[in-house]
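Counted from 1, the sequence shown has number 298 at position 299 by numbering that gives the first Met the number 0; the numbering is strictly sequential.
Keep in mind the hints are simulated off the structure, nothing from the lab.
Hints may contain errors.
Straight-line C-alpha distance at most 35 Å; calculated DSBU-like pairs for lysine-lysine [to be verified]: (1) Lys-278 <-> Lys-110; (2) Lys-110 <-> Lys-88; (3) Lys-153 <-> Lys-88; (4) Lys-109 <-> Lys-278; (5) Lys-119 <-> Lys-109; (6) Lys-184 <-> Lys-278; (7) Lys-119 <-> Lys-107; (8) Lys-274 <-> Lys-88; (9) Lys-274 <-> Lys-184; (10) Lys-119 <-> Lys-184; (11) Lys-107 <-> Lys-153; (12) Lys-107 <-> Lys-184; (13) Lys-109 <-> Lys-184; (14) Lys-254 <-> Lys-184; (15) Lys-107 <-> Lys-88.
So the derived label-pair ranges between C-beta atoms look like this [said to hold, decoys possible]: (16) Arg-120 <-> Ala-233: 42 to 48 Å; (17) Pro-150 <-> Asp-172: 21 to 27 Å; (18) Ala-224 <-> Lys-88: 40 to 46 Å; (19) Thr-199 <-> Val-111: 20 to 26 Å; (20) Ser-248 <-> Asp-196: 48 to 54 Å; (21) Pro-150 <-> Arg-243: 40 to 46 Å; (22) Pro-115 <-> Ile-168: 18 to 24 Å; (23) Arg-243 <-> Thr-87: 40 to 46 Å; (24) Ile-168 <-> Thr-242: 33 to 39 Å; (25) Ile-168 <-> Arg-243: 17 to 23 Å; (26) Pro-121 <-> Asp-145: 33 to 39 Å.
Ideal Cβ positions, reconstructed from N, Cα and C, are used throughout, including at glycine.
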Amino acid sequence: MPADRVTRSAATRVGKQPLQRPVASTTIKTEPKADPGAKTELASNTDPGAKTDSGSKTEPGANTGPGANTVQYHSLFGGGGDIIIRCTKGDPVNFRANYNVLVISCPKFKKVLQSPESNKRPATFALPIEPEDMALLLHFLHEVDDRFSLPPVKTSLEGFVNLQYLVNIYGGDDYLSSIVQDRAKLAAWERLINLGDSPTQNQVLDLLAAVLMFEMSSVFHHILALKTLRTRHAGWSVIDDVTRINAKSLAARHKPVYTLLLAIERAHRHWSIDKSELKVDMSFCDNVYLSCKSKKPVSVTLDDTEKRFKLWKQDRDNGLVD
């Protein structure tokens, strides 16, 4: 998935969601050993399935007496590393990280970080990021680097949305995005199963927003086909007829999702095409394009090979969609 596509859409398609914050009990050293072929080991026995946490610890040797200006370090990134990153959003937390890992993986870090100088104390750089988001990003970037032995990042579907957003903000390449997308897809299938028959409308919309951001066509078309598998309840009904709900409220919260559902509804009504027969182009920006798998004739076409439909102009004129 092209990085510029996600950068354009991530902030609007999915709102920032709180990440899960389990308590960590170990410290992971993030500084490579002297042997170039050796991997960095965990400082203690760590559960490989443990989630990246947002906890912090006091810097070793720091003065913790009354009136002391205590420096808090993240529990996973408190030792090793040649630079210090201080998150200025939320409670101030410091992270020890490896400069080369960051700038090689995400080149835009060069604009906000300076190369460390040998034989000098690591410099501290302040970044306007929430500690839990920084923990997620650092864990991921160090994990995919062969010099480190961190367990894979474990987070929620919303966490992967946040991670993809940060990877794009700092210029991560398609390789990193593909890893995030693969893991997000597994999380989306798991979320779909866990929602069951009676989720809330917001739960369905959050799932659809993530599916749309990562262009998970297989997940989306499975959701469209659910009507043939079971009777929809509660939040699933938004897929049956998006026009029955508060359009402007939905458009304000999940505008791309509303845009897509509205296009599907218009095509379904106007041409009497079952929604499960529609194939959606998930990479849309300004217009939604749908392909009909049936041989039923359609009056509107944009090319000779596929039957495609645009959103109705009046919906755009009324401010319901872009």
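Check your understanding: Which numbered conditions among the earlier hints are violated in the structure presented, ordered from lowest to highest?
Key -> Per hint list: 1, 4, 8, 10, 16, 19, 20, 25 and 26 violated.
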